[in-house]
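Use these hints to put chain V with the ligands onto chain E, whose structure you have.
Chains as they are written, first to last, in this note's numbering: chain E, 1 to 256; chain V, 1 to 303.
Just so you know, not all the hints are guaranteed correct.
[As the list claims (entries may be wrong)] Here are some chain E residues pointing at chain V (derived, C-beta under 7 angstroms):
| hint | residue |
| --- | --- |
| 1 | Glu215 |
| 2 | Ala218 |
| 3 | Gly222 |
| 4 | Cys224 |
| 5 | Phe239 |
If you are wondering where the hints come from, they were derived from the structure by calculation, not from laboratory data. C-beta atoms are modelled at their ideal positions from N, C-alpha and C, and glycine is treated no differently.
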Amino acid sequence: MKYTQGKYLILNKKTVAREIYSFTIACPEIASVATAGQFVHIRTGNFTLRRPVSICGIDKAKGTLRIVFEIRGEGTAEISRLNEGDVIDMLAPLGHGFTINPDYKKVVLIGGGIGTPPMLPLAEAYGKNATVITGFRSADAVILQEDFRKTGAETILCTDDGSFGIHGFVTQPFAEIAAKGDIEAVYACGPMPMLKGISNICRENNIFCEISLEERMACGIGACLGCACRTVKNDEEYFSHVCKDGPVFNAEEVLW
Amino acid sequence: MADLSVNICGVDFKNPVIPASGVFGYGREYEELFPLEKLGGIATKGTTLNRRTGNLSPRIAETPSGMLNSVGLQNPGIDHFIEKELPNLLTKDTVILANIAGSTVEECVKVAEKLEPTDVHMIELNISCPNVKQGGAAFGTDCGMAAEVVRNVRKATSKPLVVKLSPNVTSITDIAKAVEDAGADAVSLINTLLGMRIDINTGRPVLRNNVGGMSGRAVFPIAVRMVWQVANAVKIPVIGMGGVSSGRDAVELMMAGASAVQVGAAIFTDPYAPVKIIDEINDFLDSKNISSVRDIIGTVKPW
Ligand SMILES: Cc1cc2nc3c(=O)[nH]c(=O)nc-3n(C[C@H](O)[C@H](O)[C@H](O)COP(=O)(O)OP(=O)(O)OC[C@H]3O[C@@H](n4cnc5c(N)ncnc54)[C@H](O)[C@@H]3O)c2cc1C
Ligand SMILES: Cc1cc2nc3c(=O)[nH]c(=O)nc-3n(C[C@H](O)[C@H](O)[C@H](O)COP(=O)(O)O)c2cc1C
Ligand code: FES
Numbered sequence: 001m002k003y004t005q006g007k008y009l010i011l012n013k014k015t016v017a018r019e020i021y022s023f024t025i026a027c028p029e030i031a032s033v034a035t036a037g038q039f040v041h042i043r044t045g046n047f048t049l050r051r052p053v054s055i056c057g058i059d060k061a062k063g064t065l066r067i068v069f070e071i072r073g074e075g076t077a078e079i080s081r082l083n084e085g086d087v088i089d090m091l092a093p094l095g096h097g098f099t100i101n102p103d104y105k106k107v108v109l110i111g112g113g114i115g116t117p118p119m120l121p122l123a124e125a126y127g128k129n130a131t132v133i134t135g136f137r138s139a140d141a142v143i144l145q146e147d148f149r150k151t152g153a154e155t156i157l158c159t160d161d162g163s164f165g166i167h168g169f170v171t172q173p174f175a176e177i178a179a180k181g182d183i184e185a186v187y188a189c190g191p192m193p194m195l196k197g198i199s200n201i202c203r204e205n206n207i208f209c210e211i212s213l214e215e216r217m218a219c220g221i222g223a224c225l226g227c228a229c230r231t232v233k234n235d236e237e238y239f240s241h242v243c244k245d246g247p248v249f250n251a252e253e254v255l256w
Numbered sequence: 001m002a003d004l005s006v007n008i009c010g011v012d013f014k015n016p017v018i019p020a021s022g023v024f025g026y027g028r029e030y031e032e033l034f035p036l037e038k039l040g041g042i043a044t045k046g047t048t049l050n051r052r053t054g055n056l057s058p059r060i061a062e063t064p065s066g067m068l069n070s071v072g073l074q075n076p077g078i079d080h081f082i083e084k085e086l087p088n089l090l091t092k093d094t095v096i097l098a099n100i101a102g103s104t105v106e107e108c109v110k111v112a113e114k115l116e117p118t119d120v121h122m123i124e125l126n127i128s129c130p131n132v133k134q135g136g137a138a139f140g141t142d143c144g145m146a147a148e149v150v151r152n153v154r155k156a157t158s159k160p161l162v163v164k165l166s167p168n169v170t171s172i173t174d175i176a177k178a179v180e181d182a183g184a185d186a187v188s189l190i191n192t193l194l195g196m197r198i199d200i201n202t203g204r205p206v207l208r209n210n211v212g213g214m215s216g217r218a219v220f221p222i223a224v225r226m227v228w229q230v231a232n233a234v235k236i237p238v239i240g241m242g243g244v245s246s247g248r249d250a251v252e253l254m255m256a257g258a259s260a261v262q263v264g265a266a267i268f269t270d271p272y273a274p275v276k277i278i279d280e281i282n283d284f285l286d287s288k289n290i291s292s293v294r295d296i297i298g299t300v301k302p303w
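Chain E on its own, in the form it takes in the complex:
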């Protein structure tokens, strides 16, 4: 099985920041095949289109997945009204996730805002070999810090307004770490300008870099060609599809 669609029980719901929610969902067949960087496609209300949300936790033993999402419009608001004991309709797991190499001894994970959740399964995979840099608008938008600390990774926190942690963008501490050398891989998810800045630093320092992109989606599985993004491989420019070829791409292949 690659992916499946069904209605799954929400075991746990938490508010992790203002208008940001965490769901733990019982879905053994999805959890058994899901990998870091993949996403779930959620049906909600009377909307024609499903809403894509990254996987933030995979517990294969318990058969559960975790998602963390922010209210951004009517669809995510509708999803946020679900409660423990309700079922959630998901098509999952979808997409192509991050490349995890157990031999890497030093990796950096970078999450910006609501792009932070997909970094957590990576932190769990790399543990103390990972440095996690996360950035948020302000203190009240900070999420998942305790979860990252539990993985054994080193954590660096930034806020745009300086209300918590380092005052500034994630690219500042990252540029300093990158300049010291010996980083084997960088993984990032967040707003486009942040991803662009990170991939530039990685290119200059010759570091392997994977980024997770977003695009508006319909089918979520590669059939409708709705979620195109411009990419390049062997000097040839072509459209990739975020739902199937991504959401995770090698930063070198993305045309900004």
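Coordinates of chain V with the ligands only, in the frame set by chain E:
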């Protein structure tokens, strides 16, 4: 269990449900979820002579009870389709409708010629594309242009030719009659309606292409009306689509005059929509003691 089979232009369909062109690719992604054999047929992604890259993103927008798309006919070209996709599709026990398009009459003819030696069951000619030699107006918006492209494609193929009509016209019955006279074996309708959304926070259209094709539940009443009018205006069979999302919708469109239905946007909400619709049509017929789905085609009793 009612008899769900229908026959369109001499081609037998085990049931009247067909995923619409552009939402189903070449079936590979949905085959992970259900066997393609369950379907009456499959309308493949619109194919042009050469590879087309399509429009920039965003290509998708949500609308009340529907959606817009501006994929822009991204496809790998007819040779790739014939070599890499069609052989796999033809191993499935279901009717394959090759949806084709072009920006000139010659391009449409060449694509049809390339399909002639293959075993594809039917051709569905999409005439909603802009005719670059006629100032970019869609073939399907002018009776003369529509008839010309159909007449020429007709000469190039001996396969059953279904012509897919655009709803963005003043009188869809005039276009339907024109393509019937030009040699179409059937018509399918409706393609998407031209629409637009604007993000009021940025003042920018949601779609990078500014405008796009609207489909989904919101267009269903328009589809019912157009199918009914066209079915009354032509003698050739009509394949209906536009907003079908349940077995009841399918029954309604068939009562309006459709011999089969295609399912588009509904598959994005529920990937199993086409197979559920087949079961729901059967349930409806059983509940009314109707033995064959053919007995409901065109049975609306207008006031
Ligand atoms: C692969 C992927 C992973 C994601 N992971 C997360 C996550 O872990 N947590 C989280 O909070 N958000 C995530 N998002 C963003 C999330 O999908 C959007 O915030 C959500 O779709 C907004 O829906 P809405 O109805 O609330 O907003 P509206 O703006 O009303 O949505 C209108 C339409 O636009 C689409 N849309 C709007 N914003 C986005 C966006 N940023 N990306 C893609 N489609 C969008 C919607 O899906 C919908 O079809 C992810 C997006 C993608 C593509
Ligand atoms: C994403 C998308 C892509 C489409 N691509 C094509 C296409 O390539 N050729 C074509 O004839 N119609 C295409 N269509 C139109 C559909 O086949 C169908 O006519 C229309 O969507 C109405 O049906 P619906 O309301 O059930 O979606 C496309 C529709 C969608 C939503
Ligand atoms: S959303 Fe359909 S191809 Fe990606």
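Now the hints, each set against the structure:
For E/Glu215, the interface hint holds, the least distance from its beta-carbon to any beta-carbon of chain V being 5 angstroms, beneath 7 angstroms. Because the smallest distance between the Cβ of E/Ala218 and any Cβ of chain V comes to about 5 angstroms, under 7 angstroms, the interface hint for this residue holds. A distance limit of 7 angstroms between C-beta atoms decides the matter here; for E/Gly222 the minimum to chain V is near 5 angstroms, and the interface restraint holds. The criterion of a C-beta within 7 angstroms of any C-beta in chain V is met by E/Cys224, whose closest approach is roughly 5 angstroms, and the hint holds.
Residue-level restraint check for E/Phe239 holds (minimum Cβ-Cβ distance to chain V is 6 angstroms; threshold 7 angstroms).
Going through the hint list in order, the structure satisfies each hint without exception.
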